[in-house]
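Novice: As a plain string of letters, each chain reads:
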Amino acid sequence: MISILDVIGPSMIGPSSSHTLGAMRISKFAYNLFNSIPESATFYLHGSFRDTYIGHGTGLALIAGLCGMDTDDPAVAKADEVSKRSGLKYEFRSIDLGDVHPNTVKIVATKNNLTHEVIGSSVGAGRIKIISIDSIQCQVTGELPTLVIENEDVPGALESIVRVISLNGVNIAQVNLSRMSKGSKIASMILELDDRLDNSIIEALKMLKVVKSMIYVEALNC
Amino acid sequence: MNVKSFNDLVEISEKTGEDLHKVILDWEMLDTGYSGERLIENASKLFKVMEEEYASKKDKTFNTLVNLTGTNGKKMYEYIQNAFVGEKVFKAATIAVTMAENNASMGRIVACPTAGASGVMPGVLLVLEEYGISRERLVLSLIVAGAIGKIIALRASLSGAEAGCQAEIGSATAMAAGAAVYAGGGSARQVSNAAALSLKSLMGLVCDPVGGFVEVPCVKRNATGATLALLFCDIAKSGVESVIPLDEVIDAMMSVGRSLPESLRETGRGGIAVTPTARRIVKGLSDKFKISGD
Numbered sequence: 002m003i004s005i006l007d008v009i010g011p012s013m014i015g016p017s018s019s020h021t022l023g024a025m026r027i028s029k030f031a032y033n034l035f036n037s038i039p040e041s042a043t044f045y046l047h048g049s050f051r052d053t054y055i056g057h058g059t060g061l062a063l064i065a066g067l068c069g070m071d072t073d074d075p076a077v078a079k080a081d082e083v084s085k086r087s088g089l090k091y092e093f094r095s096i097d098l099g100d101v102h103p104n105t106v107k108i109v110a111t112k113n114n115l116t117h118e119v120i121g122s123s124v125g126a127g128r129i130k131i132i133s134i135d136s137i138q139c140q141v142t143g144e145l146p147t148l149v150i151e152n153e154d155v156p157g158a159l160e161s162i163v164r165v166i167s168l169n170g171v172n173i174a175q176v177n178l179s180r181m182s183k184g185s186k187i188a189s190m191i192l193e194l195d196d197r198l199d200n201s202i203i204e205a206l207k208m209l210k211v212v213k214s215m216i217y218v219e220a221l222n223c
Numbered sequence: 031m032n033v034k035s036f037n038d039l040v041e042i043s044e045k046t047g048e049d050l051h052k053v054i055l056d057w058e059m060l061d062t063g064y065s066g067e068r069l070i071e072n073a074s075k076l077f078k079v080m081e082e083e084y085a086s087k088k089d090k091t092f093n094t095l096v097n098l099t100g101t102n103g104k105k106m107y108e109y110i111q112n113a114f115v116g117e118k119v120f121k122a123a124t125i126a127v128t129m130a131e132n133n134a135s136m137g138r139i140v141a142c143p144t145a146g147a148s149g150v151m152p153g154v155l156l157v158l159e160e161y162g163i164s165r166e167r168l169v170l171s172l173i174v175a176g177a178i179g180k181i182i183a184l185r186a187s188l189s190g191a192e193a194g195c196q197a198e199i200g201s202a203t204a205m206a207a208g209a210a211v212y213a214g215g216g217s218a219r220q221v222s223n224a225a226a227l228s229l230k231s232l233m234g235l236v237c238d239p240v241g242g243f244v245e246v247p248c249v250k251r252n253a254t255g256a257t258l259a260l261l262f263c264d265i266a267k268s269g270v271e272s273v274i275p276l277d278e279v280i281d282a283m284m285s286v287g288r289s290l291p292e293s294l295r296e297t298g299r300g301g302i303a304v305t306p307t308a309r310r311i312v313k314g315l316s317d318k319f320k321i322s323g324d
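So the protein lines, in turn, are chains A and B. All residue numbers for the first sequence refer to my numbering, where the first residue is 2 and numbers rise by one. All residue numbers for the second sequence refer to my numbering, where the first residue is 31 and numbers rise by one.
Hints are all accurate, no fakes.
No farther apart than 30 Å at their CA atoms in a straight line, the calculated lysine-lysine pairs in the DSS-like style are these:
| no. | chain 1 | residue 1 | chain 2 | residue 2 |
| --- | --- | --- | --- | --- |
| 1 | A | K186 | A | K207 |
| 2 | B | K75 | A | K130 |
| 3 | A | K90 | B | K318 |
| 4 | B | K88 | B | K75 |
| 5 | B | K90 | B | K313 |
| 6 | A | K79 | B | K104 |
| 7 | B | K105 | B | K90 |
| 8 | A | K85 | B | K90 |
| 9 | A | K79 | B | K318 |
| 10 | A | K79 | B | K313 |
| 11 | B | K87 | B | K75 |
| 12 | A | K112 | A | K130 |
| 13 | A | K130 | A | K207 |
| 14 | A | K130 | B | K34 |
| 15 | B | K267 | B | K118 |
| 16 | B | K78 | B | K267 |
| 17 | A | K213 | A | K186 |
| 18 | A | K79 | B | K87 |
| 19 | B | K104 | B | K121 |
| 20 | A | K79 | B | K90 |
| 21 | A | K79 | B | K250 |
| 22 | A | K85 | B | K87 |
| 23 | B | K105 | A | K79 |
| 24 | B | K267 | B | K34 |
| 25 | B | K318 | A | K85 |
| 26 | A | K79 | B | K88 |
| 27 | B | K313 | B | K104 |
| 28 | A | K79 | B | K78 |
| 29 | B | K267 | B | K230 |
| 30 | A | K79 | B | K75 |
| 31 | A | K130 | A | K213 |
| 32 | B | K90 | B | K78 |
| 33 | B | K230 | B | K45 |
| 34 | B | K34 | B | K75 |
| 35 | A | K186 | A | K112 |
| 36 | A | K112 | A | K207 |
Derived DEER-like restraints, expressed as beta-carbon distance ranges:
| no. | chain 1 | residue 1 | chain 2 | residue 2 | range |
| --- | --- | --- | --- | --- | --- |
| 37 | B | K88 | A | K85 | 27 to 33 Å |
| 38 | B | P306 | A | S179 | 47 to 53 Å |
| 39 | A | K210 | B | N93 | 56 to 62 Å |
| 40 | B | R68 | A | S136 | 35 to 41 Å |
Derived from the structure by calculation, the hints contain no laboratory data. Idealized CB from N, CA, C, for every residue including glycine.
For reference, chain A alone in the conformation it holds in the complex (with noise of 0.2 Å):
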């Protein structure tokens, strides 16, 4: 489904869709994990985008994104000053992530000794794929609200959290399933959710026996 909005817009900091929103728009879905800037972060840079991230602008669409700028605001040309300010140190390296789309990037973030991890790609038109978040692999558009959750791995996990979820009338649109090892008794998974979750809801789903650690990621804005 396209919309006429999305051919006569949207209003974005150039040059590319691609290069310049789309890397942004991935760096953002890694702000929205911490819910504030991070103190660290390395940008690992993958194919066309490790080849030209200077001259689209990849690197401070990177950076603005992470310090959760706005994805037109006129600010993020300068975002490595924006960054200054917020404390946020950043670097850039190159990296090869094997067979996934030339324009990938992995973000590892650190603030208060919390480590994320995300991968994701910039498909075109300002479009991403998430395809990791903590090492969990995942096909997350950013588009709608994610649920990052780490469960005990038995009988009736997914069901019990899924059942807070639609009582309190909230649409699952997609579920990523993985489990870390057998042996460990832990698997995790990843929901994209048709609407945004109360606080209530998400204190409800934390506080399930089989729910080990759980990030609500808002959905991107822009």
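Since the structure of chain A is already known, use the hints to place chain B on it.
Specialist: Relative to the frame of chain A, chain B by itself:
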């Protein structure tokens, strides 16, 4: 309302006597659930971004990312009074180049339909407004342009990497030509003709950016787009018709796009991107921009 072609929209408009933009708003409502009100409100905001960005940048030079462009808009701005092609057309080309240089320097732009072709639509719309067409009418014309672009996206592609520059500057030009006709009170059929004539004239245009960056030749191709859009607007309004209907031209554009080698689809490995001068430029750039950790 099963719309598969631009001609479907034109025929509904002709049969019902409903204005083309109203037919388009109904279609969008059924297709995406966005109300006409919401669409018009958001299109107005996009128009305002184009207006504000040009107003604040019009006589400025730009420090672009790889510095292959950045002073052309200002040079053209100072030349407007001398233009042999006439003030209106030259102004549209000037706005288009300025906005494209704004894009190349990480300015705020409206990707209409893409960032690389983001100068064409403001070039045409802002000139039409300066010469007397109301904002209200121009916003509706921008929506008509959006419908042309949406049909291209559905039947073909708006991506240079997929179908070459014809899909970016070509599509922007078709959209702007149709919008200009609609703004000036032309018929739905004339909108379709102007878009078809424009897209035919840019058929086969390859995407060959030097170094892969959105500067050379992208910035100046925005001038091509704005100029041709105004030209074909007038040609269509004079009564000239496209022998090949718009939808068939769009399909032909895609089939040409598919047969373009990868070197001519945004890889920077063909066309002007591999001329001796371009190779020298790219070598200079890659010496300058080495990534650590290699």
